[in-house]
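Asker: So you can see what is in the structure, the chains are spelled out below.
2 protein chains.
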Amino acid sequence: MNNSVVILGAGSAKPTRQLSPSGQVLQMCDKQFLIDCGEGTQISIAQMGLHIARLDNIFISHLHGDHCFGLIGLLSTLGMTGRTRSLTIHAHKDLQKLLTPLMEYHCQGMPYEIRFNNINPGKNEVIYEDRTLTVSTLPLKHKVPCCGFLFEEKQRLPHIRKDMIEAYSIPLNKIQEIKQGADFLTEDGRLIPNDRLTSPANRPFRYAYCADTAYYPRLAELIQGVDCLYHEATFTEQFASRCRDTMHSTARQAAQIAEKAHVGKLIIGHFSSRINDLDQLKEEASQVFADTILAQDRTVIPLN
Amino acid sequence: MNNSVVILGAGSAKPTRQLSPSGQVLQMCDKQFLIDCGEGTQISIAQMGLHIARLDNIFISHLHGDHCFGLIGLLSTLGMTGRTRSLTIHAHKDLQKLLTPLMEYHCQGMPYEIRFNNINPGKNEVIYEDRTLTVSTLPLKHKVPCCGFLFEEKQRLPHIRKDMIEAYSIPLNKIQEIKQGADFLTEDGRLIPNDRLTSPANRPFRYAYCADTAYYPRLAELIQGVDCLYHEATFTEQFASRCRDTMHSTARQAAQIAEKAHVGKLIIGHFSSRINDLDQLKEEASQVFADTILAQDRTVIPLN
Chain A
244 MNNSVVILGA
254 GSAKPTRQLS
264 PSGQVLQMCD
274 KQFLIDCGEG
284 TQISIAQMGL
294 HIARLDNIFI
304 SHLHGDHCFG
314 LIGLLSTLGM
324 TGRTRSLTIH
334 AHKDLQKLLT
344 PLMEYHCQGM
354 PYEIRFNNIN
364 PGKNEVIYED
374 RTLTVSTLPL
384 KHKVPCCGFL
394 FEEKQRLPHI
404 RKDMIEAYSI
414 PLNKIQEIKQ
424 GADFLTEDGR
434 LIPNDRLTSP
444 ANRPFRYAYC
454 ADTAYYPRLA
464 ELIQGVDCLY
474 HEATFTEQFA
484 SRCRDTMHST
494 ARQAAQIAEK
504 AHVGKLIIGH
514 FSSRINDLDQ
524 LKEEASQVFA
534 DTILAQDRTV
544 IPLN
Chain B
244 MNNSVVILGA
254 GSAKPTRQLS
264 PSGQVLQMCD
274 KQFLIDCGEG
284 TQISIAQMGL
294 HIARLDNIFI
304 SHLHGDHCFG
314 LIGLLSTLGM
324 TGRTRSLTIH
334 AHKDLQKLLT
344 PLMEYHCQGM
354 PYEIRFNNIN
364 PGKNEVIYED
374 RTLTVSTLPL
384 KHKVPCCGFL
394 FEEKQRLPHI
404 RKDMIEAYSI
414 PLNKIQEIKQ
424 GADFLTEDGR
434 LIPNDRLTSP
444 ANRPFRYAYC
454 ADTAYYPRLA
464 ELIQGVDCLY
474 HEATFTEQFA
484 SRCRDTMHST
494 ARQAAQIAEK
504 AHVGKLIIGH
514 FSSRINDLDQ
524 LKEEASQVFA
534 DTILAQDRTV
544 IPLN
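From first to last, the protein sequence lines stand for chains A and B.
In short: position in the first sequence from 1, add 243, done, that's the working numbering.
In short: position in the second sequence from 1, add 243, done, that's the working numbering.
The reader is advised that the hints may include incorrect statements.
Heads up, the list lumps identical chains together, so a pair's fine if it works in one copy or across two of them.
Said to hold, decoys possible - Listed next, the in silico SDA-like pairs over lysine to any residue satisfying Cα-Cα at most 25 Å (straight line): (1) K340 / Q351; (2) K508 / L546; (3) K508 / N547; (4) K417 / L428; (5) K257 / L342; (6) K257 / L338; (7) K257 / R328; (8) K386 / E347; (9) K336 / G308; (10) K274 / E356; (11) K366 / Y348; (12) K386 / Y348; (13) K257 / E480; (14) K384 / M323; (15) K417 / I435; (16) K503 / P364.
By construction, these hints were calculated from the structure, which means they are not laboratory data.
Computed from a prediction, not measured in an experiment: that's the story for all the values here.
Isolated chain A, as found in the complex (with noise of 0.2 Å):
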């Protein structure tokens, strides 16, 4: 499975026509991880026809409900679906609090257990971990505690060379040790130092989420050189007041954000119900960071 993002909702507080409330499942290291769940994140996920089997951690940004009322109806959906492997929500530990009554009340004998881990926004610290990458929050400037979420694959060890294997017929027992840094030495007494042996693992793939969020410039040094950055980008410049009074960001600051920390490409996300057309926002984005693209309702984005 190639890595990708697939927006399920780029909405914010007020759905429209168009736009549903915050949801994306990301793809990546052959896992899935679902980022905020707006209400009807179960139905767009259903719409799409999207298999989310390997779904076993969702990572809640904050609780503002455009990011979390779709919880309870696909934690009970999936308790339908006779699933039995457990499932972690990474979120604000209020949400446990707000989530148990009412899984208490819903959920009754569901087939699989949902565990809690409660992160706090405010740091920046890694969260997850598992064989093949990292997921760290990411402090954000919100109303309330809030953060976004950095993936990083982990270095892969470097790929050995056909070539060489034939050349100086490794056996199988040698390839691990090869690739962890060893050299090789052949029947005949030669050693081949290991530079000649690997090539270099490709670079570790890296996504950053972030959204809700003011303007916050110290974010770049954090999301330094991801391969995509999601920011939001709430208004257009012409909403620039409205914007500061909600602590969210236009799409020309997350361009900026984007610029400084020197990203691979820009998705921005989270637009507001004022904004009538949504092509403003990209043009304003791309001005200052040419490679941005529009997050939009049930779509794939792919990111290698």
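For this one, chain A is given, so just place chain B on it according to the hints.
Answerer: For chain B alone, kept in the frame of chain A given last:
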């Protein structure tokens, strides 16, 4: 405004490509009533561009998630639209307990009041009344306390005939008492009997919403002769055993209720995700009751 029902979601517990959870706006007697509010209800409303400025009452049949998970999002969004008129939710008392902590957390400082009318789904009684109509509960047979709703227009006063107003020079200030049954005394002393001056008002319009329920023939007695019956038809007869286990109805059973109750027309909805071809449901119902309409998400069904 003509009477109509706007189907926001015609699905059941598990959303599909075509079907969202239950929700509909009944537009009747120039008012709007939301009946059930599954997840995505406010999104369907936004997608249809439906204005719900006249919505003051929400009726929740029961507390399965596919009938109420959309409430918190809708209530929260209404708070952002500057609404100041109070809104009443008619539902089983547990809803208030479940919603209150959510509203306290997510809906602080909303400019309008939400009132709860805690209803008893096991009783057949009037739970709402205004100048033009009443709403009564219809006890149903489901896994949790559940009721339907009968919307009944009140008998209107007869029409006063325009030709009689001219023929007898009836002054404006006599119109109301003639409508209420008075005869009219002309200036030259003739007594014109009321039945010559008036024509009967239209028969009051009646709409029944019945979901979720197992086949329940006693229901037919309570909804005799309604102009339109919305009845759940979760399954086809092919799934009869699952239908019994989950206390739902087949399309055939829905049509049998419609036939027994001599309704004007039948709308079937609340379709299971297991039904691949929804036309099968319509065919099955139509064999018993010809005037059957298949509910479809985001469509308007005229009722006059």
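Asker: All hints, please: hold or fail.
Answerer: Results for each hint:
1. K340 / Q351: both (17 Å within a copy, 17 Å between copies)
2. K508 / L546: within (9 Å within a copy, 52 Å between copies)
3. K508 / N547: Within one copy only: 11 Å inside, 54 Å across.
4. K417 / L428: within (10 Å within a copy, 116 Å between copies)
5. K257 / L342: Intra 22 Å, inter 20 Å, cutoff 25 Å: intra and inter.
6. K257 / L338: both (21 Å within a copy, 23 Å between copies)
7. K257 / R328: For K257 and R328, only the inter-copy Cα distance (19 Å) is at most 25 Å; the intra-copy one is 34 Å.
8. K386 / E347: Only across copies: K386 and E347 sit 17 Å apart there, 30 Å inside one copy, limit 25 Å.
9. K336 / G308: Both ways: K336 and G308 sit 15 Å apart in one copy and 23 Å across, limit 25 Å.
10. K274 / E356: This pair counts as within: shortest intra-copy Cα distance 19 Å, inter-copy 44 Å.
11. K366 / Y348: Only across copies: K366 and Y348 sit 23 Å apart there, 33 Å inside one copy, limit 25 Å.
12. K386 / Y348: between (30 Å within a copy, 14 Å between copies)
13. K257 / E480: within (20 Å within a copy, 41 Å between copies)
14. K384 / M323: Classified as between; 22 Å across copies, 38 Å inside a copy.
15. K417 / I435: within (13 Å within a copy, 113 Å between copies)
16. K503 / P364: Cα proximity of K503 and P364: one copy only (22 Å, versus 60 Å across).
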